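Undergrad: As a plain string of letters, each chain reads:
Protein chains: 2
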Amino acid sequence: MTIAVIGVGLIGGSMALTLKEKGLVNRVIGVDANPEHAKQAVELGLVDECATLEKAVDESDIVLLATPIGAAEKLLPVILDRVQQQVVFDVGSTKNSICAAIVNHPNRKRFVATHPMWGTENSGPAAAVKDAFAKKATVICNKEESDADAVALVEKIYGLLNMHILYMNAADHDMHVAYISHISHITSFALANTVLEKEREEDAIFELASGGFESTVRLAKSNPDMWVPIFMQNRDNVLDVLNELIVQLRKFKSCLEKENYTYLEELIKKANGIRRILK
Amino acid sequence: MTIAVIGVGLIGGSMALTLKEKGLVNRVIGVDANPEHAKQAVELGLVDECATLEKAVDESDIVLLATPIGAAEKLLPVILDRVQQQVVFDVGSTKNSICAAIVNHPNRKRFVATHPMWGTENSGPAAAVKDAFAKKATVICNKEESDADAVALVEKIYGLLNMHILYMNAADHDMHVAYISHISHITSFALANTVLEKEREEDAIFELASGGFESTVRLAKSNPDMWVPIFMQNRDNVLDVLNELIVQLRKFKSCLEKENYTYLEELIKKANGIRRILK
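The listed protein sequences derive, respectively, from chains A and B.
Throughout the first sequence, residue numbering follows numbering that gives the first Met the number 0, covering 0 to 278 in sequence.
Throughout the second sequence, residue numbering follows numbering that gives the first Met the number 0, covering 0 to 278 in sequence.
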């Protein structure tokens with residue numbers, strides 16, 4: 000089979016590598032708005048060739064839409080206009096908006112909305128790696144709006160990637176990811192800006208930075224081209240969670256201001272409850 | 000040589016393991032206020048025997064003070080009252096308060112204030128591991144207040160642990176660690192409480208939680224017995240940083256509320272500057 004990878008970056012590139020290695024596809028056509036990335040994707044062996052969106056869609060059996068989500072929402076109707084029997088799936092971090100954008104499209108059923116829960120703080124073709132995705136969760140949203148054969152092919156793909164598939168509706172998905180992904184990025188960005196704003200002795204931070212700092216601030220390296228559209232599309236959920244986070248931080252602030260260390264201990268013990276969720 | 004390890008937990012236990020393996024010490028005497036931990040430390044081979052504080056100090060050449068910092072500050076004068084030529088060093092996360100507590104002690108010069116920048120979210124003897132510390136930074140504070148031979152022995156110890164030694168005064172140390180360690184813990188605790196407060200579908204989080212969430216929330220598992228005293232002792236610095244963090248988070252909130260995505264992009268690009276510090 001032939002796969003068209005629209006957006007040959009971290010996710011599209013990594014997925015193409017694995018699907019070819021596993022033998023599901025024997026030809027990978029890349030499409031990228033950035034000519035430099037397209038060239039790099041060929042050089043790195045992520046794709047066999049690059050082509051226009053139209054040619055790539057026409058000559059493929061599977062279309063993987065892996066651009067940032069703002070672009071994905073614009074490209075999806077154009078892609079669906081052209082598909083015959085192809086299966087189209089996306090991998091974006093929000094699902095409500097993209098599903099709404101094509102809900103009445105005559106070829107809606109050829110599209111499967113998905114979100115593999117894997118990524119790194121890096122982006123672009125050079126960030127793509129083999130053996131990504133394995134043992135992580137992936138979500139398929141609004142399954143009932145897709146053809147059974149399209150869902151089956153996407154399930155097969157995630158099976159080859161060794162991912163655990165969850166099914167939920169797009170609205171629930173977007174609410175959950177605000178908690179478990181989007182807010183972590185905002186706290187990392189804010190923490191990085193706090194350090195960059197106030198701590199002038201960068202050498203000292205660099206020397207001292209231990210594992211704890213690195214793990215909480217790592218996400219602050221993430222690309223705005225990916226994240227601004229995510230925050231736009233998931234604005235209401237992210238605002239809800241962000242408001243609650245500020246409330247929670249104020250509790251810590253108030254404990255320190257009032258030197259109420261009994262309540263501080265309670266807050267920390269409560270937070271330790273996260274062990275129930277994260278082993 | 001004989002080492003007395005006061006507080007046989009993650010740090011004390013891990014350090015004893017390595018120092019014995021490297022041949023610097025041939026006898027390790029443990030002291031722990033928790034009889035269960037003392038017993039466990041012997042069973043796990045972290046220490047050769049357990050004893051009272053007095054006996055351990057009297058029979059050792061080196062005293063490693065590795066209790067939570069509140070207890071350390073109380074124990075240090077008692078230990079210094081007994082020392083002859085022993086070298087005493089601590090490994091606490093704040094340095095100002097402990098240095099102030101013994102500044103006028105007649106045996107002050109036998110004490111070296113240190114802070115190895117390594118740890119995990121786990122605690123107690125069972126959390127101790129071999130090969131901890133390596134390639135991380137450690138800080139020696141107020142070096143000029145210690146005897147040269149005491150500093151030299153502590154430097155030798157950190158050399159054996161394969162750590163990179165930095166020197167600074169206690170006040171600067173405490174300000175820097177508020178940024179690179181203490182605030183990361185507060186954001187993790189607050190993030191965990193946000194999720195536990197608002198997100199009722201714990202199964203969904205557990206299934207979905209990806210690397211990003213895990214790395215930002217991991218620290219929320221940390222023990223309040225260790226962290227409450229740290230926040231008490233470093234209250235002013237932590238409050239400064241926490242206030243700035245809330246200011247930074249409010250900027251993100253305001254961008255979302257006003258749908259000012261241009262400024263949101265600027266904030267994220269600024270945060271990306273952390274790449275200068277964390278490679």
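Check the hints yourself; a few may be wrong.
No distinction is drawn between identical chains; accordingly, a pair holds when it is met within one copy or between any pair of copies.
[Said to hold, decoys possible] As a list, the in silico DSS-like pairs of lysine-lysine whose alpha-carbon atoms are at most 25 angstroms apart:
hint	residue 1	residue 2
1	197	252
2	269	197
3	21	155
4	220	135
5	220	54
6	54	142
7	257	73
8	135	155
9	250	220
10	197	250
11	19	252
12	268	220
13	21	269
Don't read these hints as lab results, they were simulated from the structure.
Just so we're clear, the structure is a prediction, and the values are computed from it rather than from any experiment.
Undergrad: So which hints don't hold here, by number, going up?
TA: 5, 6, 11 and 13
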